[in-house]
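Visitor: Could you build the full structure based on these sequences and the hints that come with them?
If you're matching them up, the sequences are chains A and B in order. First residue of the first sequence? That's 1 in this note's numbering, and the numbers climb one at a time after it. First residue of the second sequence? That's 1001 in this note's numbering, and the numbers climb one at a time after it.
Simulated from the structure, these hints should not be mistaken for lab results. Cβ atoms here follow ideal geometry from the backbone N, Cα and C, with glycine treated the same way. Don't take every hint at face value.
To be verified - Derived list of chain B stretches under chain A, where covered just means 3 residues or more per stretch with a C-beta under 8 Å from a C-beta of chain A:
#1 1107-1117
#2 1147-1161
#3 1167-1174
#4 1177-1183
To be verified - Derived DMTMM-like pairs (lysine to aspartate or glutamate); straight-line CA-CA distance at most 25 Å:
#5 B/LYS1034 <-> A/ASP178
#6 B/LYS1198 <-> A/GLU53
#7 B/LYS1173 <-> A/ASP20
#8 A/LYS107 <-> A/GLU53
#9 A/LYS173 <-> B/ASP1020
#10 B/LYS1198 <-> A/ASP29
#11 A/LYS173 <-> B/GLU1118
#12 A/LYS107 <-> A/ASP43
#13 B/LYS1173 <-> B/GLU1091
#14 A/LYS198 <-> B/ASP1150
#15 A/LYS34 <-> B/ASP1178
#16 A/LYS198 <-> B/ASP1178
#17 A/LYS34 <-> B/ASP1029
#18 B/LYS1034 <-> A/GLU181
#19 B/LYS1124 <-> B/ASP1150
#20 B/LYS1173 <-> A/ASP29
Number of protein chains: 2
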Amino acid sequence: MRRIVTFNNVSADGYFSAADGGLQCAVPDDEIYKAAAERPGIDTMLFGRRTYEMFESFWPHALDDSAGPADPHDARRRSPAVRNQAIWINETVKVVFSRTRKEVTWKNSRLLHELNPEEIAAMKNQPGQDMIIFGSGSIVSQLTEHGLIDEYQFVVAPVLLGNGRSLISGVAKSLRLDLLEARPFASGNVMLRYAPRK
Amino acid sequence: MRRIVTFNNVSADGYFSAADGGLQCAVPDDEIYKAAAERPGIDTMLFGRRTYEMFESFWPHALDDSAGPADPHDARRRSPAVRNQAIWINETVKVVFSRTRKEVTWKNSRLLHELNPEEIAAMKNQPGQDMIIFGSGSIVSQLTEHGLIDEYQFVVAPVLLGNGRSLISGVAKSLRLDLLEARPFASGNVMLRYAPRK
Chain A
1 MRRIVTFNNV SADGYFSAAD GGLQCAVPDD EIYKAAAERP GIDTMLFGRR
51 TYEMFESFWP HALDDSAGPA DPHDARRRSP AVRNQAIWIN ETVKVVFSRT
101 RKEVTWKNSR LLHELNPEEI AAMKNQPGQD MIIFGSGSIV SQLTEHGLID
151 EYQFVVAPVL LGNGRSLISG VAKSLRLDLL EARPFASGNV MLRYAPRK
Chain B
1001 MRRIVTFNNV SADGYFSAAD GGLQCAVPDD EIYKAAAERP GIDTMLFGRR
1051 TYEMFESFWP HALDDSAGPA DPHDARRRSP AVRNQAIWIN ETVKVVFSRT
1101 RKEVTWKNSR LLHELNPEEI AAMKNQPGQD MIIFGSGSIV SQLTEHGLID
1151 EYQFVVAPVL LGNGRSLISG VAKSLRLDLL EARPFASGNV MLRYAPRK
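Guide: Rendered as structure tokens:
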């Protein structure tokens, strides 16, 4: 069966974004970008609208020529790890859940107007590789509620946000996990991987 | 100078208590209780009222004779690690910040009606050993705001709460940390220790 894996940057005080949606919880880490650019066995990404639009504003253009030294994304674009990640993200199937979007035009994207747990369960039974979710707190919460997530990956950044939004909320029951890995990086980021306890 | 260290159980989704204040984020761990019972170099605990009252309802009686097999705390009381921790907690100086409490009667306790950052800074300059804060989200947030915390210790439990309260909130500026340690335990708990970056 195809697995669903979540991947999120979170702050040490447990926020995945600032109150205004900003991603100050991420501490740049080429080691992790490199690992993220080499995701064997994943052929599909699932998104909430907000995270999709953040990705849509950067990745389709990440391989464009530099807009010059004043371009804040320029340094990132020059990194080979980010270039590999851009190729991977643009080529991978992207499923975005949104009640408000009318269409999606980014390459290999597909729009679904609602998250139907039975449809997701059916996707897991289709032939194919695993699926990954970046960010997308609302989608992660709904899939957690329905027991559809197979692995949670948190990159805990060495930063206290002090305030912000929690990744998972509104889920009625707590869920016991098994720790799969706790891996510190030189940047101070720590990767924590968990699977729901069977 | 005396240091202030925080110690908290948090869930993998970043909550330090359920919405109702329950501590389902903690996964029992005798290895960690044992380490907690041997805290050399700490002679003072700082508390918010809510956490103080949770401690006050258990620890002063933790060495009493068992109330019989139906007593839910009985198994904990029999653990030597918990007995050592009880002795340590009862003997240590406890400072509780509360606007509403009129008095405190638990051994070695002292009541302060407000958290005055200058008073805390003065305490750090007094002779003595380090100070520790368990739980007490509001106190941790206020001391973080004033840059008075020297080390943050999080025990990340292998559980998703799905909903709850964040330890730190209402702090205006984010704070960059250095990772001191990332240590997994057999229980699946992971100890993450950080110091504010100088």
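Visitor: Give a verdict on every hint.
Guide: Hints and how they fare:
{"no.": "1", "hint": "1107-1117", "result": "violated (count 0)"}
{"no.": "2", "hint": "1147-1161", "result": "holds (count 7)"}
{"no.": "3", "hint": "1167-1174", "result": "holds (count 8)"}
{"no.": "4", "hint": "1177-1183", "result": "holds (count 5)"}
{"no.": "5", "hint": "B/LYS1034 <-> A/ASP178", "result": "holds (22 Å)"}
{"no.": "6", "hint": "B/LYS1198 <-> A/GLU53", "result": "violated (36 Å)"}
{"no.": "7", "hint": "B/LYS1173 <-> A/ASP20", "result": "holds (13 Å)"}
{"no.": "8", "hint": "A/LYS107 <-> A/GLU53", "result": "holds (13 Å)"}
{"no.": "9", "hint": "A/LYS173 <-> B/ASP1020", "result": "holds (13 Å)"}
{"no.": "10", "hint": "B/LYS1198 <-> A/ASP29", "result": "holds (20 Å)"}
{"no.": "11", "hint": "A/LYS173 <-> B/GLU1118", "result": "violated (42 Å)"}
{"no.": "12", "hint": "A/LYS107 <-> A/ASP43", "result": "holds (14 Å)"}
{"no.": "13", "hint": "B/LYS1173 <-> B/GLU1091", "result": "violated (36 Å)"}
{"no.": "14", "hint": "A/LYS198 <-> B/ASP1150", "result": "violated (39 Å)"}
{"no.": "15", "hint": "A/LYS34 <-> B/ASP1178", "result": "holds (22 Å)"}
{"no.": "16", "hint": "A/LYS198 <-> B/ASP1178", "result": "violated (35 Å)"}
{"no.": "17", "hint": "A/LYS34 <-> B/ASP1029", "result": "violated (35 Å)"}
{"no.": "18", "hint": "B/LYS1034 <-> A/GLU181", "result": "holds (23 Å)"}
{"no.": "19", "hint": "B/LYS1124 <-> B/ASP1150", "result": "holds (11 Å)"}
{"no.": "20", "hint": "B/LYS1173 <-> A/ASP29", "result": "holds (22 Å)"}
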